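A.B. asks: Here is how the chains run, residue by residue.
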Amino acid sequence: MRDNRAIITRFLLTLMILLTINFFLPRMMPGDPFSLESSDVEGEDVVVMTEAQRAYYMEYYGLDRPLHEQFIIYLKNLAMGDLGKSISNKMPVSGVILIHLPWTILIVFAATIISTIAGVLLGTFSAWNRKRGIDRFMMAGLIAFAEIPSFLLGIILLLIFVVQLRLFPIAGAITPFANYTGVLDWMGDIAHHAFLPVLTLSLSQLTGVYLLTRNTLITVTTKDYIRTARAKGLGERVVWTRHALRNALLPVVTRTGFMIGALMGGSVLVETVFSYPGLGMTLRSAVIARDYPLIQGILLVIAVSILVCNLTVDLIYRRLDPRVVAQGG
Amino acid sequence: MFVDDETRPAFSWVPPDIQVIFDRIRSGLSKFSIEGKIGLFGLSLFILMALFAPVIAGHPPDAITGDSLESPGAGHILGTDELGMDIWAQICYGARMSLLIGLAVATVSGFGGGAIGILAAYRGGLADQVLLRVIDVTMALPSLPLLIVISAFMGPSVINVIAILILFSWARPARIARAQTLSVKTHAYIIAARNYGAGSWYLLRRHIFPEVLPILLVLVIGITSHAIVAEAGLAFLGLGDPTSKSWGMMLNYATSFRSIYFTPYWKWWLIPPLVALIALLLCLAFISRDLERVLDPKLRARRNTE
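First to last, the protein sequences are chains A and B. For what it's worth, our numbering labels the leading residue of the first sequence as 1, then goes sequentially. For what it's worth, our numbering labels the leading residue of the second sequence as 1, then goes sequentially.
Worth flagging that the hints you see were computed from the coordinates, not collected in a lab. The model shown is predicted, which means the values in this text are computed figures rather than measured ones. Every residue gets a Cβ at the ideal spot worked out from N, C-alpha and C, and that includes glycine. Check the hints yourself; a few may be wrong.
[As the list claims (entries may be wrong)] Here are some chain B residues the structure puts well away from chain A; computed CB gaps all over 10 Å:
| id | residue |
| --- | --- |
| 1 | THR65 |
| 2 | SER71 |
| 3 | LEU78 |
| 4 | LEU83 |
| 5 | VAL108 |
| 6 | GLY112 |
| 7 | GLY125 |
| 8 | SER143 |
| 9 | LEU146 |
| 10 | VAL158 |
| 11 | ARG194 |
| 12 | ASN195 |
| 13 | PHE286 |
| 14 | ARG289 |
[What the hints assert, rightly or not] With a Cα cut of at most 25 Å, we get these calculated DSS-like pairs of lysine-lysine:
| id | chain 1 | residue 1 | chain 2 | residue 2 |
| --- | --- | --- | --- | --- |
| 15 | A | LYS131 | A | LYS223 |
| 16 | A | LYS76 | A | LYS90 |
| 17 | A | LYS131 | B | LYS31 |
| 18 | A | LYS131 | B | LYS37 |
Please work from the sequences and hints to get the whole structure.
C.D. replies: As structure tokens, this is what we get:
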């Protein structure tokens with residue numbers, strides 16, 4: 001399993017680079033945390049404490065130690081889940097992230113499931129009708145549609161469904177101060193709020209799944225075992241569902257993993273459009289407030305989850321389809 | 001697909017190896033589909049709009065020329081924003097920003113990355129192995145979150161945005177150029193040329209580069225639209241250059257405006273940059289798809305199996 005090792009090495013290397021970027025970015029900035037930039041002139045830092053106080057704090061936070069020691073301390077703290085303190089929220093970064101992460105997970109997973117199911121259905125329909133007008137029409141339409149970036153699509157959906165039709169709430173994940181009559185009512189409210197963000201994210205991934213399903217199905221249906229299945233008298237429907245689709249689904253399933261990664265990234269912008277209180281929205285407020293520890297913490301969570309998803313897919317794919325090992329090189 | 005002798009004199013001022021490329025593009029253009037032609041036409045409109053922005057805008061994009069939030073009318077074709085600046089002028093100058101960033105990022109990372117890939121594959125050895133690792137890791141880095149954080153720290157300026165985007169875009173062209181060069185390198189005609197005494201520079205310029213160029217062109221267009229989207233996304237998040245007039249900044253200002261969705265202002269403030277961005281991206285996509293189909297049918301098959 002030399003290839004598995006190569007994949008894990010790449011993962012670790014990427015992770016290391018990510019952590020290094022995250023560690024060095026704030027340290028490359030001019031000034032230090034104890035001087036205050038209150039002037040418009042660049043480089044003119046106003047010190048708000050005496051030299052002695054400043055030295056004390058530099059030592060207290062370990063900022064006077066050599067960089068490599070600081071880096072090791074940073075890694076140690078990370079390993080213990082300590083991401084520092086959020087300036088704008090006056091609480092640990094990990095706490096802020098834990099509050100908002102569930103909403104992002106909710107919409108990302110819902111969008112993953114919906115776009116996979118819809119993409120497979122549309123792709124199968126298109127492959128079934130291949131070379132006919134409806135197939136060409138769907139393909140051209142969906143490919144052009146995929147060119148619209150998700151956050152622009154989100155704005156369009158917002159304008160249509162919220163501003164014009166007034167069908168959905170404009171912001172938030174739940175109705176504030178609502179009195180729910182039961183669990184169903186509560187879930188309904190959450191679904192109502194999540195609908196448009198999920199729809200936007202699902203649509204952004206739909207074309208990928210659709211094309212993958214359609215093209216794999218078309219390739220698969222030319223295979224010999226499909227001819228055999230037909231020759232032994234199976235109906236076309238059975239041939240498609242039991243023989244063709246089952247094999248065509250393999251790449252789709254593994255694609256789901258990559259999709260989760262892409263959706264985590266895409267959710268940053270889409271959540272901002274809908275003011276949906278997930279990690280992405282928090283990242284935007286952190287950017288506006290220049291809350292650097294929080295920005296870094298969120299980056300780390302999003303980036304690491306993307307990396308882990310891709311790693312899982314790479315490893316699982318080799319398990320499921322031994323041919324990949326032969327092809328890759 | 002190869003050199004058509006009749007078309008040669010038209011480009012007699014360029015060296016013959018570049019002419020091969022010119023001829024390919026010319027013969028390719030005549031095979032463009034309707035969509036591709038629409039795309040080309042649309043893109044030329046945007047380019048004209050960007051070039052002649054001062055002429056057609058009618059107003060400066062960054063000066064207060066009217067009342068706050070005027071609806072579209074005679075004085076201001078598309079109305080004005082919150083500060084009383086003309087929207088149409090901002091759209092015209094925004095085309096400059098989007099095209100500038102898109103083209104700068106795409107040419108540098110596309111051709112630079114491509115050149116690195118070609119050279120590494122041609123030379124082979126340790127440099128190639130190291131490059132392959134670097135490409136692998138660069139492509140595995142999640143670009144959007146990193147883009148956001150790095151621009152948050154480096155501060156918003158057009159140059160920074162371009163630099164960061166290049167940093168994340170060069171790996172794909174490098175990898176594809178490398179793979180293409182590796183496969184071309186072993187062809188009999190290249191070996192024959194070398195045995196006849198062709199130098200490295202001659203081989204690279206005359207045989208290898210023209211073989212890699214078609215796929216690089218397709219990638220360059222892809223990177224262009226990617227960079228335009230990324231710039232718009234960063235600006236939308238509030239990480240754009242506040243002194244620049246870009247479509248993403250317009251979206252940012254419009255959506256940050258309190259209660260924009262409860263007023264009719266979005267109709268002339270939010271819709272124009274939205275439509276402009278989507279139209280430009282669609283044009284680029286149409287061109288890219290046709291270019292891919294026309295320049296080399298083999299490319300398509302390869303991309304689909306990736």
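A.B. asks: Holds or violated: LYS131 of chain A with LYS223 of chain A, Cα cutoff 25 Å?
C.D. replies: 18 Å, holds
A.B. asks: VAL108 of chain B: least C-beta distance to chain A exceeds 10 Å?
C.D. replies: Label holds. Min Cβ-Cβ 21 Å, cutoff 10 Å.
A.B. asks: Hint check: LYS131 of chain A vs LYS31 of chain B, CA-CA at most 25 Å. Holds or violated?
C.D. replies: 22 Å, holds
A.B. asks: Any Cβ of chain A at or closer than 10 Å to GLY112 of chain B, or is the non-interface label fine?
C.D. replies: 21 Å, holds
A.B. asks: Verify this label for me: SER143 of chain B is non-interface relative to chain A, using a Cβ-Cβ cutoff of 10 Å.
C.D. replies: 8 Å, violated
A.B. asks: Hey, does PHE286 of chain B actually stay past 10 Å from chain A on C-beta?
C.D. replies: Label violated. Min Cβ-Cβ 8 Å, cutoff 10 Å.
A.B. asks: Over 10 Å from every CB of chain A: does ARG194 of chain B meet that, or does the non-interface label fail?
C.D. replies: Consistent with the label, ARG194 of chain B stays out of reach of chain A, its closest Cβ about 25 Å off (over 10 Å).
A.B. asks: Run the C-beta distances from LEU78 of chain B to all of chain A and say if the shortest one exceeds 10 Å.
C.D. replies: 17 Å, holds
A.B. asks: Just double-check LEU83 of chain B for me: nearest Cβ-Cβ distance to chain A has to come out over 10 Å.
C.D. replies: Non-interface label stands for LEU83 of chain B: nearest chain A Cβ at 19 Å, farther than 10 Å.
A.B. asks: Does the claim that THR65 of chain B lies outside the interface with chain A hold up, using a Cβ gap greater than 10 Å?
C.D. replies: At about 26 Å from chain A, THR65 of chain B clears the 10 Å cut-off, so the statement holds.
A.B. asks: Does the no-contact call for SER71 of chain B survive, Cβ to all of chain A over 10 Å?
C.D. replies: 17 Å, holds
A.B. asks: Test the statement that ASN195 of chain B is away from the interface with chain A: the closest C-beta pair must be farther apart than 10 Å.
C.D. replies: 28 Å, holds
In terms of the numbered hints stated before, the structure departs from hints 8, 9, 13, 14, listed from lowest to highest.
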